[in-house]
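Assemble the whole structure, with the sequences as input and the hints as a guide.
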Amino acid sequence: MNGTLFIYPDYEVVRDYDKCIACRVCERQCANEVHSYDPDLKKMFADNTKCVNCHRCVCLCPTHALKIVKSDNTYKINANWDNQTINEVYRQAGTGGVLLSSMGNPKPYPVYWDKMLVNASQVTNPSIDPLREPMETAVYLGKKNAGIERDENGRLKDTLPPQLKLSVPVMFSAMSYGSISYNAHESLARAAEELGIYYNTGEGGLHKDFYKYGKNTIVQVASGRFGVFKDYLETAAAIEIKMGQGAKPGIGGHLPGSKITDAVSTTRMIPKGVDAISPAPHHDIYSIEDLRQLVYSLKEATDYKKPVIVKIAAVHNCAAIASGIARSGADIIAVDGFRGGTGAAPTRIRDNVGIPIELALASIDTRLREEGIRDNVSIVAAGSIRSSTDLLKAIALGADACYIGTAALLSLGCHLCRSCHQGKCNWGIATQRPELVKRLNPEIGYRRLVRLVTAWKHELQEMMGGMGINSVEALRGNRLMLRGIGLTDRELSVLGIRHAGE
Amino acid sequence: MKRIYVKEKWCLGCHLCEYECAYANSGIADMVKALKGKNICPRIKVEDGDGVHFAVNCRHCTDPICVKSCIAGALSREGDGMVSLDRDKCVGCYTCVMVCPYGAIMPAEDGKAAQKCMLCTDNQMNGEPNCVKHCPNGAIVFEDRG
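Chains as they are written, first to last, in my numbering: chain L, 2 to 503; chain F, 1480 to 1625.
Simulated from the structure, these hints should not be mistaken for laboratory data. Please note: incorrect hints may appear among the correct ones.
[As the list claims (entries may be wrong)] These stretches of chain F come out as covered by chain L in the derived footprint (C-beta under 8 angstroms, 3 or more residues):
| id | region |
| --- | --- |
| 1 | 1584 to 1596 |
| 2 | 1607 to 1617 |
[Claimed, not checked] Taking lysine to aspartate or glutamate pairs in the EDC-like style, the calculated list, with each CA pair at most 20 angstroms apart, reads:
| id | chain 1 | residue 1 | chain 2 | residue 2 |
| --- | --- | --- | --- | --- |
| 3 | F | Lys1515 | L | Glu13 |
| 4 | L | Lys71 | L | Glu13 |
| 5 | L | Lys20 | F | Asp1509 |
| 6 | F | Lys1517 | L | Glu28 |
| 7 | L | Lys458 | L | Glu137 |
| 8 | F | Lys1488 | L | Asp210 |
| 9 | F | Lys1515 | L | Asp41 |
| 10 | F | Lys1517 | L | Asp17 |
| 11 | F | Lys1481 | F | Glu1607 |
| 12 | F | Lys1488 | L | Glu436 |
| 13 | F | Lys1517 | L | Asp19 |
| 14 | F | Lys1486 | L | Glu444 |
| 15 | F | Lys1512 | L | Asp19 |
| 16 | F | Lys1517 | L | Asp41 |
| 17 | F | Lys1524 | L | Asp19 |
| 18 | L | Lys213 | L | Glu436 |
| 19 | F | Lys1515 | L | Asp17 |
| 20 | F | Lys1488 | L | Glu444 |
| 21 | F | Lys1517 | L | Glu137 |
As the structure is a computational prediction, the values presented were derived from the model and not from experiment. Every residue, glycine too, gets a C-beta built ideally from N, C-alpha and C.
Here you go:
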């Protein structure tokens, strides 16, 4: 036996030959070269071993002749050693390498969003019809603890620190140019501009073509400091210091050299074709005091005109960390839960490190309130906000707004095949290969993003109206609007909510 | 007039438009029945080069050389500017096929007449060009550019 064992593919391409017209669209659209045409037999064939289950062929097949099914090939059933666990051992025995994965944690951990129910008005308080009455979804992110000061004429002075105005409490998560394509970035930037919200550059710098979207851009300063310079900071509406990422808390990033094209190299200010390594820590931050120095360095560099966000991964003691951040001078804390996405992460870390955003968010909001410093910062929740109800529940738990990453990519065509790290994204999102990048037309992409967020806004208004609440401000931290279902006393106490029926 | 334009930048070379065209002009309601086992003869054709793809069909020229060359009076320029082919008048001499600088007129499947894009006005699509409707990347558009 040599190094590698044959592993039967997890998914199989099933072709309905009665419907297949052999147009070969599937073959032309598959960067993994799954499909092939046999001119002698005049038939299409598929090599399942190459399929990543991205559904590009399924979506483009004009006669809907294709589907992808879970393989029923199995080892002897074993509740302890399931097929995937066994295969991972085989893979590592063959390669000696760390297992890599992409996108968010797919393991069956509890999803607390789905164990919380939302309230509605009946009899004693009126519900509101958002189609007939005002329903405010705009929010402002930033410090709200301005002191009251008057000038010599007794007029109130504006001492409010800089704020970010969002028309809907949703922003697009940090996804770097490099990990996603130029066209994906353009789609996000244009959608953010049209929606009156913000997108986030991630740590890959900002392509010069996108400086014009600056007023809707949050730029990131991460441990690799890629692409950070004066113009980058000045163009942005806000600056985010990335301390951690929900998908891979405690470790840095690694963009393979194959993705460092000319444009990515220029934007990141690093050599072409060389792996881009983001260190695990910021080498100048080992304490809250160090963090404070970077926060104020960035504020000083931008004349105190822009809010500074500090993004952390949701980990065990995140409430204490958030308390420190709230005292560091940061304006906004972003917390990324362990189901958050990534373009590549070691599988073991993605699947086992960190905690759910619901618990982290609740404990951070509670801690900051208890310490009387909740108004020092806004809180942005991230890490798998899948729908307007997740958004609504996050706000009720204490978030000022949410980041959406995976949901945004899904609206651009992503089918969660979780193969981003292979760089052959058939949907033109997580790739730098020009022939694949062009598959995402930003003209189509940005409109789909705008429609998604607009739909969520309508749903949010509808649900708030039902509760008799007419603004997001009034919903924030309103945990009485939530009830747990099937949760233990301990879970309820961490979430700070009552059980249904109570 | 509204014409079909192709944006080379977004054309993926998937060739779906060719099949959608062949289906639209088949006169058969079911795509599988219309196209299964057939060699299609679409009125739009994707030219593939080294990393470049471009779907080509009739440009509906303002001074169409095909109309001038037609010996049977089958080709004409309609009031709205569409270059139209009357199959009943066409004698199948294929002069138009040879003179079209874009290669956008070709012999019909039966070999008895020429065929060209009529902007889906002469088939089951009722004037909504099927290639435009089904292009997955918005590379084929139907718009009035004056």
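Going through the hints against the structure:
Counting residues of the region 1584 to 1596 of chain F whose beta carbon lies closer than 8 angstroms to any beta carbon of chain L gives 0, which falls below the threshold of three, so the coverage claim is violated. As drawn, the region 1607 to 1617 of chain F meets chain L at 4 residues by the rule of a beta-carbon pair under 8 angstroms; at three or more, the given contact holds. Between Lys1515(F) and Glu13(L) the alpha-carbon distance is near 24 angstroms, which puts this suggested pair outside the 20 angstroms criterion. Restraint check for Lys71(L) and Glu13(L): satisfied, since their Cα atoms lie roughly 6 angstroms apart, inside the 20 angstroms limit.
Only pairs whose Cα atoms come within 20 angstroms are accepted, and Lys20(L) paired with Asp1509(F) is accepted, the gap being roughly 10 angstroms. With a CA separation close to 18 angstroms, the supplied pair Lys1517(F) and Glu28(L) stays within the 20 angstroms bound. Distance hint between Lys458(L) and Glu137(L) is fulfilled; the C-alpha atoms sit about 10 angstroms from each other, no more than 20 angstroms. Pair hint Lys1488(F) plus Asp210(L) holds up; C-alpha atoms about 17 angstroms apart against a cutoff of 20 angstroms.
Between Lys1515(F) and Asp41(L), the direct Cα distance comes to roughly 16 angstroms. Compliance with the 20 angstroms bound is thereby established for this hinted pair. At most 20 angstroms may separate the alpha-carbon atoms for a hinted pair to count; Lys1517(F) and Asp17(L) meet this at roughly 17 angstroms. Using a Cα cut-off of 20 angstroms, the hinted pair Lys1481(F) and Glu1607(F) holds, with the two alpha carbons roughly 11 angstroms apart. Distance check on the hinted pair: Lys1488(F) and Glu436(L) sit about 10 angstroms apart at the alpha-carbon level, within 20 angstroms; holds.
Between Lys1517(F) and Asp19(L) the alpha-carbon distance is near 14 angstroms, which keeps this suggested pair within the 20 angstroms criterion. For the given pair, Lys1486(F) sits about 12 angstroms from Glu444(L) by alpha-carbon distance, which is consistent with the 20 angstroms threshold. Between the alpha carbons of Lys1512(F) and Asp19(L) the distance comes to roughly 10 angstroms, so the proposed pair stays at or under 20 angstroms and holds. This hinted pair checks out: Lys1517(F) and Asp41(L) have alpha carbons roughly 15 angstroms apart, not beyond 20 angstroms.
For the proposed pair Lys1524(F) and Asp19(L), the alpha carbon gap of about 26 angstroms is over 20 angstroms, so the pair is violated. Between Lys213(L) and Glu436(L) the CA atoms are separated by roughly 26 angstroms; this puts the pair beyond 20 angstroms, and the hint is violated. Our distance criterion of 20 angstroms between C-alpha atoms is met by Lys1515(F) and Asp17(L), whose separation comes to about 12 angstroms. Distance hint between Lys1488(F) and Glu444(L) is fulfilled; the C-alpha atoms sit about 12 angstroms from each other, no more than 20 angstroms.
Proximity of Lys1517(F) to Glu137(L) is assessed by CA-CA distance (about 58 angstroms); at most 20 angstroms being required, the pair is judged violated.
Consistency note: the structure conflicts with the earlier hints numbered 1, 3, 17, 18 and 21.
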